[in-house]
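Q: Sequence:
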Amino acid sequence: MIASATQYETLEGLTAWVNRRLPVDELKMISDHPWARTYRVRSNGETYYLKSLPSVQRCPLSGIELLSRRFEDAVPSVVAFDATAGLLLLRDHGGVERQDDDSLRGEVLSRYASLQSEASRQADLLDLLPSIELAGLVDRFCEFLDPKGSPTDGVGAEHFLGAEQSRFFFDRIAQRKPQLQRLVLEAIRLPETINHLDLRMQNVAVREDGSVVLFDWDEATAGPAGMSLHNFFSGCSVPFRILRESDAASSISSRQRTLLARYMATLVEQGYASHESLVAGLPGSILAGVLHYLLSYRKFPMKDADDRAQVAKIIVRRLDDVLTLCDHAAIALREAVITCLDDYEEADAPQRARYLLEQYLSGSPDDIELRLRLAHVWNYLGDDAAAEAACRQALDADSRHAEARALLGRIFVERLQLDDAVDQLRLASSFAPGDESARRRLDDALLMQELERHAAQPGRVPTIRFTPDELRSGIISRAKRRLTARLFRKYGTLVVENVFDEALMDRLLVDFSERYRSYLDEGRPDDALKVGNKRFMITVDVDGRFNDPALYSAPLLTPILARLLSDEYVMGSFTAVASMPGAAEMRVHKDHPALFDDEALSFALPTTAVTTLIPLRGFDLVMGTTRVWKGSHTVSSAAAAEMEYQDPCAPKGSCLLMDYRLSHQGLANRSQVVRPVLSVVYNRPWFRDSVNYELQAPLRMSRAEFERVPEPSQRLFAWTKP
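Numbering of the sequence shown is given in the working numbering, commencing with residue 1 and proceeding in unit increments.
Don't read these hints as lab results, they were simulated from the structure. Honestly, I wouldn't trust all of these hints.
[As the list claims (entries may be wrong)] Derived lysine-lysine pairs resembling DSBU-like cross-links, with alpha carbons at most 35 Å apart:
#  : residue 1 : residue 2
1  : K177      : K28
2  : K177      : K299
3  : K313      : K28
4  : K530      : K490
5  : K28       : K51
6  : K303      : K177
7  : K28       : K299
8  : K303      : K51
9  : K652      : K534
10 : K299      : K148
[Stated by the list, open to error] Cβ pair distances, simulated, as ranges:
#  : residue 1 : residue 2 : range
11 : H33       : R472      : 54 to 62 Å
12 : T152      : R472      : 46 to 54 Å
13 : T152      : D307      : 19 to 27 Å
14 : A385      : T152      : 47 to 55 Å
15 : E599      : A562      : 24 to 32 Å
16 : G162      : R715      : 20 to 28 Å
17 : D139      : H33       : 22 to 30 Å
18 : E644      : A562      : 27 to 35 Å
19 : P712      : D419      : 34 to 42 Å
20 : A503      : H589      : 31 to 39 Å
21 : D598      : D307      : 53 to 61 Å
22 : R545      : R334      : 53 to 61 Å
Positions of the beta carbon are idealized from the N, C-alpha and C atoms, including for glycine.
Whenever a hint applies, use it, and build me the whole structure from the sequences.
A: Shown next, in the form of structure tokens:
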């Protein structure tokens with residue numbers, strides 16, 4: 001609501017003010033915005049409209065009154081006004097609003113251009129209106145965007161966009177400020193005239209005689225023609241392209257070109273300016289209108305978050321369009337394109353980089369360097385087909401181009417076309433032997449090729465090993481995640497090596513041995529399930545050393561589980577299976593029966609749960625490992641019995657992943673030590689194991705321990721939160 005200390009803040013006060021001009025039968029508010037309240041007035045069977053403007057929005061109302069007298073056929077008649085109180089009483093325009101009638105747009109712009117042509121010769125009218133100082137407009141706009149600024153005349157863009165988004169646009173616009181200033185100053189060559197500044201179809205009506213009337217002139221301003229056009233072209237970039245590009249781009253519709261041509265033709269015919277002057281000045285004038293329009297929001301701080309969000313959408317759309325204009329202005333000069341491109345890449349704005357490169361290359365298709373930069377952008381955006389096409393175009397021009405070969409190899413790696421990837425990366429390394437990045441990519445591709453071939457061998461267990469870079473950073477590459485998922489979905493099991501720190505395993509072994517000593521002798525408690533000869537399943541309390549995100553949210557394991565189970569996966573159970581010295585082999589089994597009576601359907605479903613076996617001493621054939629039948633997650637137990645088994649061995653710090661449907665068997669412990677294996681089951685959030693935990697809880701954690709879990713990992717335990 002607009003704060004006011006005047007007597008006209010109430011309906012009674014407003015009614016009294018109108019009554020002094022004409023008798024009021026009814027006065028009703030029909031809209032309430034920060035920039036104006038509007039009331040409908042009924043008097044002696046006729047309709048009027050009263051506008052109450054806040055002080056920050058008041059232009060000289062005498063100018064609007066004179067405008068209505070000079071152009072009564074196109075502007076609603078002003079009955080009375082009070083400049084001090086910001087009150088404006090208007091007669092109903094007598095027309096029908098047709099804001100959805102696109103066919104009317106040309107007539108509207110032609111009528112508006114005619115009005116502007118006439119107004120440009122009326123100095124007394126222009127003298128009554130405020131004017132926009134074009135010379136300092138871009139500077140004022142940058143101040144509005146700057147999140148570090150302190151606006152003295154309202155709020156900054158940060159009020160609507162937030163600090164991060166306003167900083168993004170400020171940095172981009174500030175870098176392009178000289179370009180924008182030159183363009184805006186070109187508008188000065190156009191004669192001054194009247195500008196509506198909120199010209200849109202919502203402010204247009206058609207009278208019975210077919211004449212067009214334009215209303216809501218609250219922001220009327222003196223300045224060059226064109227400042228009000230941006231609403232008709234969704235910004236300033238389309239008119240710029242129509243006027244400045246040698247050939248009309250196919251993305252610009254003939255309707256848009258016709259609209260602008262009709263507006264300009266009317267201005268020329270009625271003597272406002274020559275066609276050449278309009279071509280030179282209109283792009284800057286329309287840009288100035290956009291900047292002034294966005295600056296107007298600084299006058300209206302908003303408490304409501306939804307209101308701010310709506311304004312933010314408007315501001316972002318127009319700012320994006322200003323950057324699009326800058327992109328099209330840059331493509332005439334390669335160095336300017338590279339400068340803008342570097343800026344977009346540094347700001348992590350790949351879509352803007354993509355658009356800029358595509359526009360530039362449409363006119364310079366033989367620029368191999370920038371064609372490859374586009375390929376990199378497409379690759380970053382995940383569109384491998386477009387990236388490959390761009391690489392192929394570069395290689396058509398130079399088949400020995402090492403960078404194109406290297407990127408093509410990278411694309412093939414991410415598609416898991418590993419043989420093709422190795423071929424391309426070998427060529428890249430041979431063409432540029434000093435390129436260490438190509439060499440590293442080749443090593444990665446060779447490793448992945450080896451892992452896939454290893455997994456296919458009959459007696460081998462599919463295995464994932466990480467590169468030194470992945471181990472250092474804790475980040476698994478996108479291609480490695482895809483390979484991991486492909487191998488697991490095909491075979492139902494996977495050894496993941498070195499996913500845990502060995503020192504963590506040692507600490508957990510000591511803690512487990514001390515904490516659960518009583519579970520490991522003949523007098524074991526009743527809440528440990530016997531799962532075989534000298535073999536027990538113990539529910540491990542998630543506390544102390546076991547409440548460690550490095551264990552249950554290991555950085556290299558988390559993205560693998562997310563790819564297999566979705567990002568919303570949870571922890572279904574946290575137990576340990578302890579095999580005593582001399583423990584015999586377990587029976588072969590699957591951890592859970594088929595979900596449906598139709599086994600074929602159950603086996604065709606995506607993975608529901610993943611058992612993660614973490615051997616605190618590692619896997620070997622002396623202490624015993626967990627025998628698996630790879631591929632058995634897609635067949636019945638009987639069919640699995642006819643398949644060949646595999647016995648995984650892996651160093652301490654590794655884990656074995658198994659689909660919940662996989663046939664497997666714990667082997668005998670032939671050593672003299674207890675073999676404890678943590679068994680952590682992760683599953684989709686809707687699944688609960690109602691078969692295996694009748695004797696004991698699948699997971700135990702106190703409220704205090706839950707509070708110790710880092711927030712990103714709390715969702716794992718949320719379903720059983722104490």
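Q: Should the hint that E644 and A562 are 27 to 35 Å apart at their CB atoms be regarded as holding?
A: holds, 31 Å
Q: Quick check on a hinted range of 54 to 62 Å for H33 and R472, using CB atoms only.
A: holds, 56 Å
Q: K652 and K534: Cα distance at most 35 Å?
A: holds, 23 Å
Q: Hint check: K28 vs K299, CA-CA at most 35 Å. Holds or violated?
A: Judged against 35 Å, a Cα distance of about 26 Å means the pair holds.
Q: Could you say whether the range 34 to 42 Å given as a hint is met by the Cβ separation of P712 and D419?
A: holds, 38 Å
Q: Note whether the CB distance of A385 and T152 lies within 47 to 55 Å or breaks it.
A: holds, 52 Å
Q: Given the hinted pair K177 and K28, is their Cα-Cα distance within 35 Å?
A: violated, 46 Å
Q: Check whether the Cα positions of K303 and K51 lie no farther apart than 35 Å.
A: Within the cut-off at roughly 23 Å; holds.
Q: In this structure, is the beta-carbon distance linking E599 and A562 contained in 24 to 32 Å?
A: Since E599 and A562 have Cβ atoms about 28 Å apart, the given range 24 to 32 Å holds.
Q: How does the Cβ-Cβ distance of A503 and H589 compare with 31 to 39 Å: does it lie in that range?
A: holds, 33 Å
Q: Return holds or violated for the Cβ distance of R545 and R334 against the range 53 to 61 Å.
A: Taking Cβ atoms as reference, R545 and R334 lie about 60 Å apart, which means the hint holds.
Q: Lying within 22 to 30 Å: is that true of the beta-carbon distance D139 to H33?
A: Cβ of D139 to Cβ of H33: about 28 Å, so the range 22 to 30 Å holds.
Hint 1 from the earlier list is the only one contradicted by this structure; the remaining hints agree with it.
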